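There are 2 protein chains.
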Amino acid sequence: MEKANLIYPSGQVTLREVGLRDGLQMVKDFPSTAGKKAWVEAEYGAGIRHFEVGSFLPKNRYPAFGDIESIITHVAHLPGAHTAALSPNVRGSQLAMVSGVGEVHCVISATEEHNQANLQRSRQQTLDEISEVFALRRQSDLKPLIGVGIAMSFGCSISGKVDPDNVLDLANRLFEMGADIVSVADTVGFAGPKQVAKLSARMRVLAGDKPFGVHLHDTRGMGMANAAAALDEGVRILDASMGGLGGCPFAPNATGNIVMEDLVFLCQCSGFETGVDMEKLIGVRNILASEMPQEILYGALAKAGLPEVAIQPAGVVH
Amino acid sequence: MEKANLIYPSGQVTLREVGLRDGLQMVKDFPSTAGKKAWVEAEYGAGIRHFEVGSFLPKNRYPAFGDIESIITHVAHLPGAHTAALSPNVRGSQLAMVSGVGEVHCVISATEEHNQANLQRSRQQTLDEISEVFALRRQSDLKPLIGVGIAMSFGCSISGKVDPDNVLDLANRLFEMGADIVSVADTVGFAGPKQVAKLSARMRVLAGDKPFGVHLHDTRGMGMANAAAALDEGVRILDASMGGLGGCPFAPNATGNIVMEDLVFLCQCSGFETGVDMEKLIGVRNILASEMPQEILYGALAKAGLPEVAIQPAGVVH
Numbered sequence: 009m010e011k012a013n014l015i016y017p018s019g020q021v022t023l024r025e026v027g028l029r030d031g032l033q034m035v036k037d038f039p040s041t042a043g044k045k046a047w048v049e050a051e052y053g054a055g056i057r058h059f060e061v062g063s064f065l066p067k068n069r070y071p072a073f074g075d076i077e078s079i080i081t082h083v084a085h086l087p088g089a090h091t092a093a094l095s096p097n098v099r100g101s102q103l104a105m106v107s108g109v110g111e112v113h114c115v116i117s118a119t120e121e122h123n124q125a126n127l128q129r130s131r132q133q134t135l136d137e138i139s140e141v142f143a144l145r146r147q148s149d150l151k152p153l154i155g156v157g158i159a160m161s162f163g164c165s166i167s168g169k170v171d172p173d174n175v176l177d178l179a180n181r182l183f184e185m186g187a188d189i190v191s192v193a194d195t196v197g198f199a200g201p202k203q204v205a206k207l208s209a210r211m212r213v214l215a216g217d218k219p220f221g222v223h224l225h226d227t228r229g230m231g232m233a234n235a236a237a238a239l240d241e242g243v244r245i246l247d248a249s250m251g252g253l254g255g256c257p258f259a260p261n262a263t264g265n266i267v268m269e270d271l272v273f274l275c276q277c278s279g280f281e282t283g284v285d286m287e288k289l290i291g292v293r294n295i296l297a298s299e300m301p302q303e304i305l306y307g308a309l310a311k312a313g314l315p316e317v318a319i320q321p322a323g324v325v326h
Numbered sequence: 009m010e011k012a013n014l015i016y017p018s019g020q021v022t023l024r025e026v027g028l029r030d031g032l033q034m035v036k037d038f039p040s041t042a043g044k045k046a047w048v049e050a051e052y053g054a055g056i057r058h059f060e061v062g063s064f065l066p067k068n069r070y071p072a073f074g075d076i077e078s079i080i081t082h083v084a085h086l087p088g089a090h091t092a093a094l095s096p097n098v099r100g101s102q103l104a105m106v107s108g109v110g111e112v113h114c115v116i117s118a119t120e121e122h123n124q125a126n127l128q129r130s131r132q133q134t135l136d137e138i139s140e141v142f143a144l145r146r147q148s149d150l151k152p153l154i155g156v157g158i159a160m161s162f163g164c165s166i167s168g169k170v171d172p173d174n175v176l177d178l179a180n181r182l183f184e185m186g187a188d189i190v191s192v193a194d195t196v197g198f199a200g201p202k203q204v205a206k207l208s209a210r211m212r213v214l215a216g217d218k219p220f221g222v223h224l225h226d227t228r229g230m231g232m233a234n235a236a237a238a239l240d241e242g243v244r245i246l247d248a249s250m251g252g253l254g255g256c257p258f259a260p261n262a263t264g265n266i267v268m269e270d271l272v273f274l275c276q277c278s279g280f281e282t283g284v285d286m287e288k289l290i291g292v293r294n295i296l297a298s299e300m301p302q303e304i305l306y307g308a309l310a311k312a313g314l315p316e317v318a319i320q321p322a323g324v325v326h
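Top to bottom, those sequences are chains A and B.
Residue numbering for the first sequence follows our numbering, beginning at 9 and increasing consecutively.
Residue numbering for the second sequence follows our numbering, beginning at 9 and increasing consecutively.
Any given hint might turn out to be false.
Note that identical chains are pooled: a pair holds if it fits in a single copy or bridges any two copies.
As the list claims (entries may be wrong) - The calculated lysine-lysine pairs, modelled on BS3-like cross-linking and capped at a C-alpha distance of 25 Å, are: (1) Lys45 x Lys288; (2) Lys36 x Lys311; (3) Lys218 x Lys288; (4) Lys11 x Lys151; (5) Lys218 x Lys311; (6) Lys11 x Lys36; (7) Lys202 x Lys151; (8) Lys169 x Lys288; (9) Lys202 x Lys311; (10) Lys311 x Lys169; (11) Lys67 x Lys45; (12) Lys36 x Lys206; (13) Lys218 x Lys11; (14) Lys36 x Lys67; (15) Lys151 x Lys206; (16) Lys169 x Lys36.
FYI, nobody ran anything at the bench for these hints, they're computed from the structure.
Keep in mind it's a predicted model, so treat the numbers as computed, not measured.
Pulled out of the complex, with its shape left as it was, chain A reads as follows:
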């Protein structure tokens, strides 16, 4: 069996905590190294096993990720935990290859315009760089997985509508290049459940036995509906962040990543075994609140608690 299929078993749902990467790109103040470790340990203790722990971006410009090697090493000691880190370029991938990270996460955009704006190069240049990442892996001792996320797969904040055929062509090329996992991202929360269902179904056919994922944002409130649609179409790898940490780079005060706690509840009430202890998971929010007091923590389940017999209110309800 391929290593990727061991890390992402096809018979179960894999929920990836991306708050330490996607979430921290948007926060006003970021957690201390000890705080990050406490966060991951607590969420691991609640049952989550996949953590995207940061980006190999220049440390002087992105201090939130300055301790990434230390976090990777720490998480690697937790039995069964899998780490991923975003690498935006060859330099980052060189660092990632020796960091002990379980998965190097590369990014390309579904549209030329967004790729240029986000990565300051053409999509072909990004594909060439991803080829170099595969070459780096061949030379490496640790041979991490290489995953690729296709940003703006459901609509682009620069060029508008995105043809799903183009997304699938790109996903196909990435799998052919050797990507262990390809995920399609609704980077700015443009999608509705019908769109997610359609692209997920086509990705499932394209990917065959290979792992594929969907990365959703709740920017326009469709996060859980989109996640439900993805699950219905066979998607088994979903990204989320504790408290929906992340926001949206295009809309101040907008919600960001889908909320891990609510996603776990969705999976549980849809009949998927997650192995997550919800009470413990909700408790992780305390660490985030303490480390990032300026950030709003989203999520309905944490406020309401699990369904259970409760006290009676006054008045007439319906």
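Based on the hints, put chain B in the right spot on chain A.
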């Protein structure tokens, strides 16, 4: 054609604003009569046509609904607008019959325990009272529609799990008694999309040509996923409130009704024509914010805006 089928055409989605009833049961301060009128007018201007405008509860104990007759009269002047009002008992229904309201909304619980706690009588007593409401209508000049909501249809905050067979038996009895519309309510937000899909599909078969609806709360974050599941199973009547006004009587600070703005976006991106102008709809929030400054207004779409070409952020996104 039955009057109910004119008010609730089967070929289109009907979104019912329940904030002026369900929403106001939970607020700290309620809007002035002028504020309520401004709210309804603005939401009507955005394209919404169905408004549950209050409850015929004792005015001395429930001052939020003290002006209900005035609101009903005001909304009745808006061409094509349909009003509904909750009536918890025969006395309320007597007042409703002469109020000019378009629909008297009765409530019964899926469980004996909740009916007793909510209405201080048995379900059989409530059914007997609903029979009296039909008798009152036969004697009335205005002959409003009579709708019934089945509270706790997806799980009960007192007695736990609810057998869907019992809900369907109750819905069947209500239709046989002459109910123009029956809706099943996830009063405390216990349901997930699979459960909503199953009950919706069975309600669709049971209801046949008669209108039926689903009343959802977002208490545990499943609101939009549940609404999407209901739409997929043929539900065409959904309740919501502007800004998710309402809360949950069982969980302080928890979210309440599903958010109208997000629901409209879900319908639009699922291919349903709503006739709603989203920019105008979002503008209605200003009236709520001004009239109820202590209330949190929920909703992701209003914060993010509709999908459109936007400015570029700094950093690398995925």
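Unmet hints by their number, sorted upward, for this structure: Of the numbered hints given earlier, those the structure breaks are 3, 5, 6, 7, 12, 15, 16, listed in rising order.
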